[in-house]
Amino acid sequence: MLSYVLDIQQHGSGFGWDDERKMVVGDLELFNGWAKSRNGAANLYMKPFVNYDKLCEIYANDLAKGSKAKGPGDDIDLQEEQSADNMTEPSHQSDSVIDSQSHLQCPGSNPSNGNKSSGSRKRKFVEDDVVSCEFSNLSKSLKNLVEVQTSNAAAMNVIQYAYAHELEAQKQTDKRREQLFSVLTKFPEFTRDQLVKAALIIGQDATKLNMFFTTPQDFKSAFIWEVLRSSK
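The working numbering puts the first residue of the sequence shown at -11, with every later residue one more than the last.
Errors might be hidden in some of the hints.
What the hints assert, rightly or not - With a cut-off of at most 16 angstroms between alpha-carbon atoms, the simulated EDC-like pairs for lysine to aspartate or glutamate come out as follows:
(1) 174 x 135
(2) 185 x 206
(3) 131 x 162
(4) 159 x 135
(5) 208 x 177
(6) 131 x 45
(7) 128 x 45
(8) 42 x 162
(9) 196 x 166
(10) 128 x 156
(11) 42 x 15
(12) 131 x 8
(13) 128 x 41
Unchecked claim - Simulated DEER-style distance windows between Cβ atoms:
(14) 169 x 34: 50 to 56 angstroms
(15) 15 x 129: 42 to 48 angstroms
(16) 15 x 36: 50 to 56 angstroms
(17) 159 x 185: 23 to 29 angstroms
(18) 147 x -11: 30 to 36 angstroms
(19) 216 x 7: 55 to 61 angstroms
(20) 184 x 155: 43 to 49 angstroms
(21) 171 x 17: 46 to 52 angstroms
(22) 20 x 45: 15 to 21 angstroms
Calculated directly from the structure, the hints in this document are not laboratory data.
In this text, a Cβ means the ideal position worked out from N, Cα and C, and glycines have one as well.
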C-alpha cells in the first residue's frame, strides 16, 4: 500500500493524498480509474492510514528481528508462504537424520558441514541488516517527501489566498471606477470641465480612486479641489 500512496503523491491527478487526515481524497471516478489496474488500491479511498509515518520503521524493525515482513508493493500471500514452509519441513528433518547417520558411520571425517551452516547463518544476518537499512532509508525518503509536499501545499494555499484577495480588490476598484462620475456630479460647485478632468485624474489612478471613495463625504469636495490643483 505504501507504493500506491507514493504513486498517488507523485502522479495523482484529480485526487491526492491528504497528509493531515492520512487518506486519499479527491474525485472518486478518477481514483477508480487509477485503482482499476492496481490490486487492492481501491480500499485506500477515504480510508484513514493513521500509521503511515511509522509503517516503514515497523517493516525495518521486523526484518531486523528476523521476521518475514512485507515491504511496499509486496503482494506475496502469507498463507502460501506458510504452506510452502510446512511442505519443506519434512525434507529438512530427513536431511538432518541423514547427516547425523553419516557422522556416526564416519567418525574420522572432517565436520565441514557445521562450518558451512554457521557461515550461512552469518550471511543471512548480514543480508537482513542490509534489507533493514534499505527500509529505514525508504522510510526517511517517504517522510521527507511528505514534508516537502506539505510545505508546497501550504505555500500554494498562501498564493491562492493572495490571488483571490487581489482579484477581489480589482473587482472593487472596477466597480468604483464605474460609479465615479455619478459621485462627482453631486458636487455642484465644480464646472463640467472640472468634473471631467477630476474623473480622468482619479479614475486612472487606483490609489487615488480608492482613497476618494473612502474619504468622508464632507471632505470629498476638498479632495477634488486638491486633485485639480495638483494637476496644474
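Cross-check of the supplied hints:
1. For the proposed pair residue 174 and residue 135, the alpha carbon gap of about 58 angstroms is over 16 angstroms, so the pair is violated.
2. For the hint pairing residue 185 with residue 206, the CA-to-CA distance comes to about 21 angstroms; that exceeds 16 angstroms, so the pair is violated.
3. Proposed proximity of residue 131 and residue 162 is contradicted: the alpha carbons are some 47 angstroms apart, above 16 angstroms.
4. Of the pairs offered as hints, the one joining residue 159 and residue 135 is violated, with about 36 angstroms between alpha carbons and a cut-off of 16 angstroms exceeded.
5. Of the supplied pair hints, the one linking residue 208 and residue 177 holds, its CA atoms being roughly 12 angstroms apart against a limit of 16 angstroms.
6. Proposed proximity of residue 131 and residue 45 is supported: the alpha carbons are some 11 angstroms apart, at most 16 angstroms.
7. Our distance criterion of 16 angstroms between C-alpha atoms is met by residue 128 and residue 45, whose separation comes to about 9 angstroms.
8. Proposed proximity of residue 42 and residue 162 is contradicted: the alpha carbons are some 53 angstroms apart, above 16 angstroms.
9. Note on residue 196 and residue 166: the hinted pairing holds, with a Cα-Cα distance of about 14 angstroms set against a maximum of 16 angstroms.
10. The hinted pair formed by residue 128 and residue 156 fails the criterion: a straight-line CA distance of about 42 angstroms is larger than 16 angstroms.
11. At most 16 angstroms may separate the alpha-carbon atoms for a hinted pair to count; residue 42 and residue 15 exceed this at roughly 27 angstroms.
12. Among the hinted pairs, residue 131 with residue 8 is consistent with the structure: their alpha-carbon atoms are about 13 angstroms apart, no more than 16 angstroms.
13. Pair hint residue 128 plus residue 41 holds up; C-alpha atoms about 9 angstroms apart against a cutoff of 16 angstroms.
14. Our hint of 50 to 56 angstroms for residue 169 and residue 34 holds, since their Cβ atoms are close to 54 angstroms apart.
15. For residue 15 paired with residue 129, a C-beta distance near 28 angstroms fails the hint of 42 to 48 angstroms.
16. At roughly 19 angstroms, the beta-carbon separation of residue 15 and residue 36 lies outside the given 50 to 56 angstroms, and the hint is violated.
17. The hinted window of 23 to 29 angstroms between residue 159 and residue 185 holds, with their beta carbons roughly 26 angstroms apart.
18. The hinted window of 30 to 36 angstroms between residue 147 and residue -11 holds, with their beta carbons roughly 32 angstroms apart.
19. Between residue 216 and residue 7, the C-beta spacing of about 58 angstroms keeps the proposed range 55 to 61 angstroms intact.
20. Range check, residue 184 to residue 155: about 30 angstroms between beta-carbon atoms, so the 43 to 49 angstroms window is missed.
21. Between residue 171 and residue 17 the Cβ separation comes to about 51 angstroms, which falls inside the hinted range of 46 to 52 angstroms.
22. Our hint of 15 to 21 angstroms for residue 20 and residue 45 is violated, since their Cβ atoms are close to 31 angstroms apart.
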